[in-house]
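Just so you know, the protein sequences line up as chains C and A, in that order.
Heads up: the first sequence begins at 3 in our numbering, then just goes up one per residue.
Heads up: the second sequence begins at 1334 in our numbering, then just goes up one per residue.
These are calculated hints, taken from the structure and not from any lab test.
Just so you know, even glycine gets a beta-carbon here, dropped at the ideal spot from N, CA and C.
One or more of the hints may lead you astray.
[As the list claims (entries may be wrong)] In silico DSS-like cross-links for lysine-lysine, where the CA-CA straight-line distance does not exceed 27 Å:
| id | chain 1 | residue 1 | chain 2 | residue 2 |
| --- | --- | --- | --- | --- |
| 1 | C | Lys6 | A | Lys1634 |
| 2 | A | Lys1628 | C | Lys119 |
| 3 | A | Lys1391 | A | Lys1430 |
| 4 | A | Lys1479 | A | Lys1548 |
| 5 | A | Lys1634 | C | Lys119 |
[Unchecked claim] Sample of chain A residues with no beta-carbon within 12 Å of chain C, all distances over it, derived:
| id | residue |
| --- | --- |
| 6 | Thr1377 |
| 7 | His1408 |
| 8 | Lys1558 |
| 9 | Ser1569 |
| 10 | Arg1572 |
| 11 | Glu1714 |
| 12 | Glu1753 |
If you want the building blocks of each chain, they are given just below.
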Amino acid sequence: MAAKVLVVEDDPAARRLVSFALEQDGYEVLTASNGLEGLAKAQTERPEILVLDVMLPGLDGFEVCRRLRADTETAGVLVLMLSAKAQESDKTTGLKMGADDYLAKPADPLEVAARVKTLLQQKAAGPVQISSGAGSGG
Amino acid sequence: MQSSKGTILVVDDEESVRNIVARKLRSDGYDCELASNGREAVETAARQHFDLVLTDVKMPGMSGIEVLSQMVADHPDTGVVMITAMADAHTAVEAMKLGAYDYVTKPFDLETLGLRIEKALERRKLLQENKDYRLLLSEQALRESKQQYSTLVNCLADAVITSRGVITWCNDRVEEIFGYTRDELIGQNGSFFLPEPVDPADFTRYVYTATEDGKHLAGETRAQKKDGSIIHVEFSISRIPETDPPEFITVARDITERKEAEEALREVDRLKAEFVANTSHELRTPLQGIMGSTKLMLAGKVTDPETQREFLTIIDKQSERLTELINDLLDVSRMESGRFNIEKEPTSLVDVVHDAVMELDNLAAETAIEIREDVPPQLPEVEADPKRMKQVVINLLSNAIKFSDEGGQITVSARAKDEEVLISVADQGSGIPEEAIPHLFQRFYQVDGSSTRSSGGSGLGLYISGQIVEAHGGRIRVESKLGEGSTFSFAVPRPASLPSAPQG
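Work the whole structure out from these sequences, hints included.
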């Protein structure tokens, strides 16, 4: 079954191109054009992963991420930040706010799709490793 | 009474020698006193001043050498001539070493003695003059040095304060820097100037320790003036060598201006860095569209001709946006370095407004927005740069389109007033929150914090517009109500109202 990806991006061009690349890879793509809409869709649609812009009207991406992590219902969702804020300090802020990965604009949409794939694979593999480790120990 | 050639004390245990010598000296014009032993000589010399003591070496009790030592110690101005036995050269040498002027050996003839005495007195006189002269010189040098010191200390741009636990003196500059008079400061502890209270004993101990072994205590601190204001001070405290209790000299300089200049420079640096960071992400947003489309097409992911056309249109629009952004950045750079020029000429704002509306008609049509022109054809001309005026109108119209709903209406109007022509751009859009209004004309300010500008803005448009209008001697204003729309207006002075223009 195709994983659900939510693209939260206010720039129509970036939203369209990232969505296009993800759809090509077979994901089910949802979009939101501001932070509040993104947060609402993350809660109702339960995507596996968000591609989240930072500079958004209203709630910015950092705040969206923080709120996702604070809510037990959405705390486990993967977040890939994609931002024109390209300084090292911005990346640090993003990771502190709970992002799983941070990509600076301009980014190749194919790389965005590849990172989405990697994050989903890591998440799928992660808990198995821990439980198998515990299993062999006991 | 004839004035004496000098006073001489003759010391000898032999009465006959004393008397012969005394007679000779008195006949030569000297005042003479006699002593028959060392102790008597010392006692007499203590009561009365002598220019010269002529003493026998070999005497019972106190010897002549002992008399000599006593005289050198107690009466250095009195010369001493020894009378020694012929065979006792050793004693003579010792006496000379101890400070005797001369010696005569027994037996002596009276003429020789007279000459020796005369020479000794002459030497004493020269020595005395020499000493007086040296004293005079050193007093003069001291006086000059003191004058140099006080001139130096008072013409310094720095405050100079001497202290010994408390302030003992300060130069004139102290009052200029700190506002306190010398009298107000003398007796205060050095911690007096510090804005936060410090225990005077702790302060003194601290200074004492920090200046041990010839070290200077130097640094910067904040200080409080008499009027309560805070200044920045650079200071150096030194202990004056060999003073006990220790005495200190403090030199302090007001560096408030320098500090403020440094602070202003840091602020400029901070603004520059912020500008570069802002520019960086303003450039990245359109680049995302260009790069995204290009990468996808080059990777062969876009096979459908319609999507190809869609992505090429993205590249086209974002390239235009990037170009516009670069032009805006160049304008801002010129404005901030003072190289921004406007070229004024008689300008019809009727044409300016019409050209601007024509240019944005297509963009407005995309979202079915209507732009109405309400400009009287007889509008008087103004002295303005027509290109820059058009840039302002286009900026205001672009913003109006950006914040208008689909199917909305925008009105550009112009009105001639007595002293100026007023241009307004009114929309029926979402309006601007009150707290955002003061920031609207700052560069890179975004009302909603977003990076998207559907009309291709840069975050610099209103800043640039404000600068252009100001350069024309006008002003730009905004009125807005949330949910009802915004009206941006600017006024350009009419030539008649310009101060230098003739009244017509």
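| So is His1408 (chain A) really clear of chain C, every C-beta pair being over 12 Å apart? | holds, 87 Å
| said: If we take the beta carbon of Arg1572 (chain A), is the closest beta carbon in chain C still more than 12 Å away? | reply: Given that every Cβ of chain C is farther than 12 Å from that of Arg1572 (chain A), nearest at about 48 Å, it holds.
| For Glu1714 (chain A), which was marked as not at the interface, is the minimum beta-carbon distance to chain C over 12 Å? | holds, 41 Å
| Least C-beta distance from Glu1753 (chain A) to chain C larger than 12 Å | The claim holds: Glu1753 (chain A) sits with its nearest Cβ about 36 Å from chain C, beyond 12 Å.
| task | Would you mind confirming whether the straight-line C-alpha gap from Lys1391 (chain A) to Lys1430 (chain A) stays at or under 27 Å? | result | holds, 18 Å
| When you check the alpha-carbon spacing of Lys1634 (chain A) and Lys119 (chain C), does it fall within 27 Å? | holds, 17 Å
| request: Take a quick look at Thr1377 (chain A) and tell me if its Cβ sits farther than 12 Å from every Cβ on chain C, holds or violated. | output: Its Cβ never comes within 12 Å of chain C, the nearest being 97 Å, so this holds.
| Straight-line alpha-carbon gap Lys1628 (chain A) to Lys119 (chain C), limit 27 Å | holds, 18 Å
| Is the nearest CB of chain C more than 12 Å from the CB of Ser1569 (chain A)? | With a cut-off of 12 Å, Ser1569 (chain A) remains clear of chain C, as the shortest Cβ separation is near 39 Å.
| request: Starting from Lys1479 (chain A), check that the Cα of Lys1548 (chain A) is at most 27 Å away, please. | output: This hinted pair holds, its Cα atoms lying about 25 Å apart.
| said: Would the hint linking Lys6 (chain C) and Lys1634 (chain A) be met if the CA-CA limit is 27 Å? | reply: It holds: about 21 Å lies between the C-alpha atoms, which stays within 27 Å.
| task | Could you check that no beta carbon of chain C comes within 12 Å of the beta carbon of Lys1558 (chain A)? | result | It holds; Lys1558 (chain A) is separated from chain C by about 40 Å at its closest Cβ, greater than 12 Å.
In this structure, none of the earlier numbered hints is contradicted; all agree with it.
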